[in-house]
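The chain contents come next:
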Amino acid sequence: MIIPILILVPFLASLFVPFLYTYVRSKKIGWMVLPVPLILFVILSFQIPSLASGENLFHTIRWLNAADIHFTTHLDGLSMILGLLITGMGTLVVMYSIYYLSEREALGRFYMYLLLFMGSMLGVVFSDNVLVLYVFWELTSVSSFLLIAFWHQRKNSRAGAKKAMLITVTGGIGMLVGFLMLHQMTGTYSIQEMIGMAGTLPTYDLFIPAMLLILLGAFTKSAQFPFHIWLPDAMEAPTPVSAYLHSATMVKAGIYLVARFIPVFGESELWFYSVTFVGLLTLLWGSFNAVRQNDLKALLAYSTISQLGLIMSLLGIGSAAMLDIPGADKTIYTAAAFAGLFHLINHSTFKGALFMIIGIVDHELGTRDIRKLGGLAVFMPITFTIALAGSFSMAGLPPFNGFLSKELFLEASLAVQHLALPGVHIWIPIVAWVASVLTFVYCMIIVFQTFFGRQQQQPAWVDRGAHDPRPGMLVAPSILGVMIVGLFFFPNVLGKWILKPAMAAVYPSFGNPESLVPHIAAWHGLNPALWMTIGIILIGTILYIFLRQWRRIYTIAPFSWKIDNIYALLLIQLEGNSYHLTNKYMTGHLHRYFTYILLFFIAMMGTALSFVWRLAFNFSEDSVVTVNEYILVMVMMSAAVAILFVNSRLIAILLNGVLGFTVAFLFVVLRAPDLALTQIVVETVTTVLFLLTFRFMPDWKKERPRRPVKVLNAFIAVASGLIVIITALMVQGNRLFDPISKYFEDAKTLTGGGNIVNAILGDFRAFDTMLEIVVLLIGGLGVYVLIKLKDKKDGDGNENQ
Amino acid sequence: MTNALVLPVLIPLLTAIVLTFFRNSFILQRTLSFLATASSAGIGVYLLLRIQSEGILRLDFGGWEPPYGILFVGDSFALLLVTAAATVTSIILLYAFSTIGEAFEKMYVYPFMLFLLAGVNGSFLTGDVFNLFVCFEVMLLASYALLILGGRKVQLVEAFTYITINVLASWFFLLAIAYLYGATGTLNMAQLAERVAENGQGPVLTVISLIFLLVFSLKAGLLLYFWLPGSYSAPPAAIAALFGALLTKVGIYALIRMFTLVFHHSPEITQSIIGIMAALTLIGGSIGALSSSNIQQIIAYNVVIAVGFILVGLAAGNEVALQGSIYYVLHDMVAKAMLFLAGGLMISLTGKAKIGELSGLIRNYPTLGWLFFIVMLSLTGIPPFSGFIGKVLLGEGLIEAETYVLLTLAFLSSLFVLYSLLRIFLNCFMGEAIIGSEEQVVLKKRTLLPIVMLGVLTLAIGIGADAIAPFVNDAASTLVNPQTYIEAVLDKEALLKK
Amino acid sequence: MKINDVILRTVTKIVVFIILTFGVELFISGHNDPGGGFSGGLVLASALLLLYMTYDIETVHKGIPFDFKKIAGLGVFLAVASSAVPMLFSNQFLNQAKGEFALPVFGATELSMVLLFEAGVALTVVGVVVTILLTISEDVS
Amino acid sequence: MIQTMLAISVVLFAVTIAIAVLRLIIGPSMPDRVIAMDVVGVNLIAMIGVVSVVYGTKAYLEVILILGILSFISTIAFSKYIERGVIVERKRDR
Amino acid sequence: MNENEIGEFIGALLILLGSIFSVISVFGIIRLPDVYTRSHAATKSSTLSVLLTLIGVFLYFLFHDHFVSVRVLLGIVFVFLTAPVAGHLIIRAAYRSKVGLADISVEDELYEVIHGDKPVKDEETEDGERS
Amino acid sequence: METLITLLVGVLVMVAVYLLLSRNFVRIILGTAILSHAIHLLILTMGGLKKGGAPLLTEEGSTYTDALPQALILTAIVISFAVTAFLLVLAYRIYRETGADNLDDVRRELDD
Amino acid sequence: MPGQLLLNLFIAFLWMLLIDEDELRFSTFYAGFLVGIGILFFMHRFFGTRFYLRRVYAVVRLFFIFVSELIQSSAVVLKQILSPRLKIEPGIFKYETILRSDVEITMLSMLLTLTPGSVVMEVTPESDALYIHAMDVQESRDGLIKQLKNFEKAIMEVTR
Ligand code: NA
Ligand code: NA
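Residue numbers (the numbering used here), protein chains in the order written: chain A, 1 to 801; chain B, 1 to 498; chain C, 1 to 141; chain D, 1 to 94; chain E, 1 to 131; chain F, 1 to 112; chain G, 1 to 160.
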């Protein structure tokens with residue numbers, strides 16, 4: 001029961017915060033929020049020992065029995081990592097935000113969103129039921145949207161929020177379909193049950209589509225190429241948000257999902273390819289683009305993309321352990337997954353710290369543009385120290401935790417090239433290495449272009465009061481800084497208590513989890529990985545020094561390409577084309593609409609009839625026609641056709657009246673006296689109505705449509721008529737059953753009335769009649785309203801409030 | 001015999017008629033009309049519960065055994081829709097009370113709304129195909145009257161378009177009924193189903209079924225939705241909401257009913273066509289929703305998208321998909337009403353309808369902004385709001401039916417819904433506030449209350465979907481087993497006794 | 001020269017009575033012969049139309065001072081309410097109860113709910129048709 | 001014999017109507033057309049009478065009367081329209 | 001032939017006569033030169049023919065079914081009453097809407113009273129519809 | 001007779017549809033009016049024509065034509081009357097409001 | 001007013017005729033009387049016609065005069081229509097009548113209009129003169145005036 005409560009608490013708190021804020025209109029609100037993540041973190045931490053001993057926590061609250069959707073929570077090693085990150089980073093970010101955000105901001109809203117996000121994120125990682133997972137998944141998108149658009153007055157905030165929402169929701173929807181497909185194959189929505197059936201899945205046709213769709217969800221959320229474009233724009237959010245959502249937690253949701261589904265899909269080569277290659281591509285593209293950024297936050301965004309790609313590729317390589325390749329040493333690959341999880345934690349620490357530092361710089365100096373910054377090390381020593389630790393860790397330098405996981409990554413990239421699969425070659429370690437070089441370069445940019453050089457600007461900084469921020473603001477980054485160093489020295493504590501259960505969750509079929517956890521050592525001999533690192537530092541330094549010279553390549557295609565442009569173009573094209581397309585057929589012209597409807601009728605019926613026209617027409621049942629009936633029918637036809645050609649309304653009405661009267665006569669001939677009666681009166685009243693309304697109408701202008709239009713109209717008219725005729729004849733020739741109306745011939749005994757038609761109208765089908773006079777009443781009142789209720793001031797679209 | 005079955009029609013009808021005599025007593029009008037709709041909803045619930053225990057209910061008007069008389073057949077599907085329609089109408093009425101204005105109240109706006117509801121409920125309940133036509137007409141006439149209320153030029157012009165197109169549609173309806181009667185000699189839907197099944201749905205019947213398809217598609221806005229955006233964006237918000245929530249649903253209901261009960265024997269033809277039409281509707285609606293910068297137009301195209309979405313389930317045709325469609329119909333009634341009210345309120349508060357002319361409204365009207373946000377999420381199908389469960393079930397059904405193109409389009413359409421509404425939200429609610437607090441129109445609490453209620457409802461349906469699950473499941477199971485319906489209506493033993 | 005409608009008016013005075021009588025007869029005899037609420041009502045309405053055309057709205061209104069909207073409403077109410085009455089006696093909605101009644105003037109008459117129903121129909125038709133005609137005419141002139 | 005006579009007369013009435021409709025179409029003046037319509041109406045009355053005799057039924061005799069009434073009413077309506085443009089006045093100056 | 005058959009025969013004869021009259025009068029509608037003269041043919045001759053026919057019908061039912069058809073009688077009265085009024089009104093309308101007299105007309109004492117000016121004979125207005 | 005009436009119905013439909021496709025209000029409304037004539041005749045035809053006497057039980061004769069279509073048509077006539085009246089008055093109002101007798105002109109005016 | 005009573009009886013009679021086509025019954029007449037009361041109540045403000053049963057004879061006489069005129073002039077008109085060449089000279093002339101009341105004027109006009117060859121075009125606002133269109137003014141003016149006088153006399157016997 002503890003986990004559902006864990007999820008619920010932030011939601012409740014988020015509901016509570018706005019109310020609280022109406023009483024506590026100050027920063028104190030932050031202090032009131034702070035205990036929430038902290039307590040959750042502590043509670044979660046208490047579960048670590050039992051997880052390390054191999055236990056899992058399951059709990060189910062039944063929700064939608066009909067659809068088999070239940071709140072099944074599942075705490076295992078994998079979700080624990082994320083849970084700790086969410087609550088831990090949550091605590092730090094809240095603490096940091098208390099100092100970062102000004103009193104004037106809508107703090108109530110801010111913390112509400114933040115808590116909403118926290119709850120959703122916990123929901124994502126703790127849900128065993130994929131649909132519930134999806135519920136929370138979308139809620140993270142929503143809360144992310146709200147947080148990015150926190151300063152919604154800014155155009156860029158809105159654009160960024162929109163982009164993030166569109167892309168992540170797209171992925172989410174894809175993922176949902178993937179889940180539904182999995183359900184179709186397995187009959188369950190429980191991940192653990194799916195894992196249990198994993199072996200049978202690849203035989204299904206839906207296996208690959210489901211996998212790709214779920215990956216789509218993961219990739220969009222974790223900002224993998226080419227869906228990464230939302231992440232830089234998401235930096236419009238307040239920096240605590242960037243630190244929390246867009247580096248430490250939400251973007252890890254995709255990573256989590258991939259790790260979670262390795263047991264389900266890992267046996268597929270396509271899975272390996274997709275995850276690994278997309279990861280590598282993201283890694284490369286992210287680091288490459290990070291170098292060209294001038295905005296520190298943008299730089300961090302691309303670096304995050306790149307790092308996410310790194311983790312993703314590690315999971316991809318890790319999933320190779322599931323592949324059925326004879327003779328392969330699986331521990332090489334499981335080590336990659338281990339590295340991925342390890343780096344996931346490390347990245348959160350150093351990237352969180354860096355974001356907070358950038359936030360401090362921005363907060364203190366009002367700019368994040370590296371071209372305007374420089375030499376801050378002197379003024380902000382503590383800030384600088386933490387920045388140094390974070391950057392070097394990210395660059396993969398000792399003695400920081402990033403070094404450890406980066407080494408593991410390089411080893412994995414070297415290991416994977418031996419995998420006996422097509423397309424897997426030496427280029428993988430090369431890409432890994434190149435990306436690492438670039439990573440090194442942008443890390444140096446952060447450190448040196450912000451905190452060193454450009455001494456000439458010093459006085460300006462002094463004027464602006466550049467100095468370390470208040471201590472409170474430094475607490476959170478400092479804690480992270482300590483962790484960056486601490487994890488370097490004691491990585492195996494993490495390995496034993498946290499990573500081992502997680503590895504067990506990723507490879508449930510591999511038995512003993514001990515074998516899945518390699519021993520991490522800072523010094524692991526002069527192996528190829530270390531040589532690569534040395535190369536990175538050498539080449540990276542050279543590149544950094546000559547940065548200004550080679551940076552020009554960013555103006556040359558394909559390096560100048562931005563996926564962003566595709567997105568922008570897509571939206572513009574979509575809106576523009578939609579506008580044109582829609583306006584093309586939604587003209588508002590009634591005759592166009594009639595044309596569509598009738599053409600649809602003609603096309604559909606024409607096609608259908610062309611298949612069945614051979615059905616015999618049977619005229620044998622036809623009753624006789626007398627001469628006068630022929631004459632009258634001819635008269636009616638001529639009168640009708642004449643209406644088309646007359647040039648005066650009045651004549652048309654007269655002809656219509658004649659038509660009505662002759663129809664009444666036909667009713668007489670066809671033994672329908674009641675119809676004749678009604679028809680005559682209705683026809684006359686209608687004619688009178690025509691006359692009543694005519695007086696003010698202008699002369700009937702001859703309509704002269706263009707010739708093609710005329711031909712089309714004529715075609716439609718004739719074709720419609722023919723279809724009506726043919727269908728009618730077909731029906732008449734193929735009567736299938738006797739009508740039920742024989743029954744009504746007992747009307748006299750049944751109802752007491754001798755007029756069958758009236759008995760039907762007044763008794764058998766009196767309900768029709770009742771509603772029909774209702775129709776009449778509405779029509780009458782409608783006419784009354786139409787005439788009486790005139791808009792006094794027409795035009796401006798106002799309705800009276 | 002269950003006389004209660006007629007009450008969802010009779011109560012609004014009688015109330016409307018009585019109210020025409022009291023044009024000027026607004027209090028009476030409001031009280032009675034609300035009581036009428038609310039009690040109709042209550043009766044709907046009562047009947048749903050009875051169906052759970054007694055099976056399909058039936059009321060033969062005048063005591064005439066089917067197929068000779070007209071009858072109401074209450075199965076879960078019909079009554080779910082009845083209940084939803086009455087509930088939503090009640091809430092819309094509440095909104096109308098505070099916004100519609102005395103000029104309209106004098107001009108029978110509440111009677112017209114009640115007539116509309118009566119027609120809609122009648123369409124859901126009737127078991128006779130000609131009576132369905134008549135119920136349609138009640139609904140249509142009421143909608144005509146509501147559409148012109150106010151008499152602005154735009155309204156008049158849109159009304160003319162709307163009415164003439166509906167006249168043509170009604171004509172096709174009669175045409176179809178004529179042919180059907182010629183071929184089968186009956187009008188009772190159950191007997192039609194029986195006779196069609198007995199004879200096998202030969203080419204003649206299939207041809208006839210296509211005309212029904214045309215008719216109901218016109219009403220539902222399935223592919224033939226040209227009339228919809230214009231006419232739904234012309235009237236005041238309360239009326240537009242009523243249209244958006246109810247009108248297309250009747251067409252959807254009729255399509256589902258006819259093509260599961262009567263014409264389900266040639267799915268390779270009819271369901272394929274429905275599928276293609278639904279696909280094109282999804283595309284057209286999605287494109288349309290992006291094409292406009294007018295709030296009302298965007299909202300109206302969202303109606304179109306929903307139509308396609310729901311009928312995708314009919315194209316798939318299996319039980320799960322139909323369950324999804326039913327959930328989604330219910331959801332859409334609530335959410336569309338909410339969307340129309342929220343959008344309409346924005347326009348009436350500011351006097352502007354173009355998204356480019358509005359900005360920062362959330363500062364002026366925060367609650368309205370959040371309600372709009374909620375309905376946006378709900379319509380996108382984002383959980384835990386009401387659209388989710390329908391979407392999930394529909395997805396399951398489509399996968400089961402292996403109709404992947406429809407699956408793709410249906411789920412992609414959610415994105416267009418999101419995008420189109422997001423445009424409104426971002427452009428109009430977010431951004432710099434352009435209306436100063438002194439010039440802003442006061443938004444009364446009781447105006448907002450109905451929208452809040454709808455918001456609560458969409459959340460409640462989303463979270464408490466299980467509460468209506470038995471009804472939805474029963475409804476879908478009746479749809480896929482038409483024999484249940486036929487037997488409930490044409491009670492063989494009773495007929496033999498005569 | 002001013003128009004003198006003396007011929008039309010004189011004849012109308014007679015003709016209207018024929019039409020009205022015929023209308024009522026149509027309504028009553030619809031049970032067994034052609035006619036009924038609709039045709040009866042329509043004929044009555046056309047008699048009124050004739051009057052309105054021969055005289056003018058105000059003159060006719062002095063003689064027949066009814067709000068025809070309310071007549072229409074009354075008609076529908078009559079029809080719907082009479083349909084609902086059987087429900088009070090636990091019969092089906094619209095069960096048109098029948099029975100022979102010995103009326104003082106009309107003699108043994110078979111009266112049923114149908115008659116009430118049909119009267120409702122006729123009233124509605126008259127009310128609506130005249131409402132429509134009058135509403136437009138008032139607006140036009 | 002009688003049947004033949006009746007058959008001939010029905011056809012003759014039909015011919016009359018056809019010719020009247022011709023006049024209605026060619027006009028030239030509006031009153032011409034209205035007169036033609038009146039002729040159509042009146043002859044339809046006759047024709048229904050004859051048809052009733054031929055069928056040997058009284059079912060259509062109501063129709064005769066009603067057609068008489070409404071043909072009269074519509075002629076008046078058209079006349080008033082042609083003469084004054086308004087067929088129902090609110091208040092006639094007399 | 002018994003008396004009934006004679007009655008029936010007379011009825012049928014009247015009907016036939018009526019139909020012949022009717023055809024002749026409709027020829028008048030075609031032949032005559034202006035609306036006023038045509039109205040003579042129309043409103044009267046055809047009225048006459050209808051009256052004849054209806055009397056025939058009445059007689060036929062009287063003798064064949066021994067049935068006094070009040071409706072037919074009423075119809076006769078009705079046509080008798082209304083036909084001249086209709087003819088009068090339409091002709092008045094024609095004149096007031098300035099439909100000209102045919103060239104062969106020799107006298108017009110009404111023109112100045114209505115239109116207040118000299119008669120213009122040759123105008124045969126097309127479609128006196130008001131705009 | 002059935003075939004003849006069916007042909008008549010077809011011709012009426014052709015004319016009506018052609019009228020519907022015009023711009024002028026009155027032509028469109030006339031189109032709808034003719035459409036209803038057509039459908040009424042068609043419904044009647046679907047029940048079979050002249051297959052017996054008028055459906056009046058007081059009339060002598062043992063067979064009657066199908067009365068059900070007649071009842072349906074009566075209902076349809078009344079409904080289409082209500083709609084036509086409404087439509088006509090609507091056209092009239094639009095004309096009074098805008099001075100145009102066709103939708104295209106009104107739209108043009110609204111767009112300006 | 002006695003006229004109302006008369007009219008009421010007329011309606012009652014009409015009623016009886018309509019309801020009991022083969023066998024007239026007093027009870028039906030009675031019912032018709034009630035129906036008539038209803039109609040009259042509905043219409044009573046319109047009532048103003050005078051009608052006297054005791055003038056039946058005059059009516060019958062008038063009827064026969066009319067029928068003979070009808071047949072005579074019908075023959076004339078039919079002959080004109082059927083003659084191979086039209087030899088007519090139509091025209092409009094004014095006739096000042098000695099009749100005064102609405103009913104008299106109406107009767108005269110109707111009779112004149114019903115007889116072929118002549119139609120009343122206008123009644124002067126003072127109801128003292130008729131404008132008559134004749135099919136053949138030159139030929140039949142005198143004949144027409146004679147016919148008019150005839151009618152006038154017969155009508156006055158009925159009405160005065
Ligand atoms: Na805007
Ligand atoms: Na804006």
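I should point out that these hints are in silico values taken from the structure, not numbers from a laboratory.
It cannot be assumed that every hint is accurate.
As the list claims (entries may be wrong) - Taking lysine-lysine pairs in the DSSO-like style, the calculated list, with each CA pair at most 27 angstroms apart, reads:
hint : chain 1 : residue 1 : chain 2 : residue 2
1    : C       : Lys62     : C       : Lys2
2    : C       : Lys13     : D       : Lys91
3    : B       : Lys354    : A       : Lys584
4    : B       : Lys444    : A       : Lys584
5    : B       : Lys153    : B       : Lys352
6    : E       : Lys98     : G       : Lys87
7    : A       : Lys788    : B       : Lys106
8    : A       : Lys790    : B       : Lys354
9    : A       : Lys562    : A       : Lys155
10   : C       : Lys2      : D       : Lys91
11   : G       : Lys146    : G       : Lys79
12   : B       : Lys106    : C       : Lys13
13   : B       : Lys352    : B       : Lys445
14   : A       : Lys790    : B       : Lys106
15   : B       : Lys106    : B       : Lys444
16   : A       : Lys496    : A       : Lys330
17   : D       : Lys91     : A       : Lys748
Status of the hints after comparison with the structure:
no., hint, in the structure
1, C/Lys62 x C/Lys2, "holds, 24 angstroms"
2, C/Lys13 x D/Lys91, "holds, 19 angstroms"
3, B/Lys354 x A/Lys584, "holds, 20 angstroms"
4, B/Lys444 x A/Lys584, "violated, 41 angstroms"
5, B/Lys153 x B/Lys352, "holds, 17 angstroms"
6, E/Lys98 x G/Lys87, "holds, 25 angstroms"
7, A/Lys788 x B/Lys106, "holds, 11 angstroms"
8, A/Lys790 x B/Lys354, "holds, 25 angstroms"
9, A/Lys562 x A/Lys155, "holds, 21 angstroms"
10, C/Lys2 x D/Lys91, "holds, 15 angstroms"
11, G/Lys146 x G/Lys79, "holds, 21 angstroms"
12, B/Lys106 x C/Lys13, "violated, 37 angstroms"
13, B/Lys352 x B/Lys445, "holds, 21 angstroms"
14, A/Lys790 x B/Lys106, "holds, 13 angstroms"
15, B/Lys106 x B/Lys444, "holds, 22 angstroms"
16, A/Lys496 x A/Lys330, "holds, 20 angstroms"
17, D/Lys91 x A/Lys748, "violated, 50 angstroms"
The structure fails hints 4, 12, 17 (numbered hints given earlier, in ascending order).
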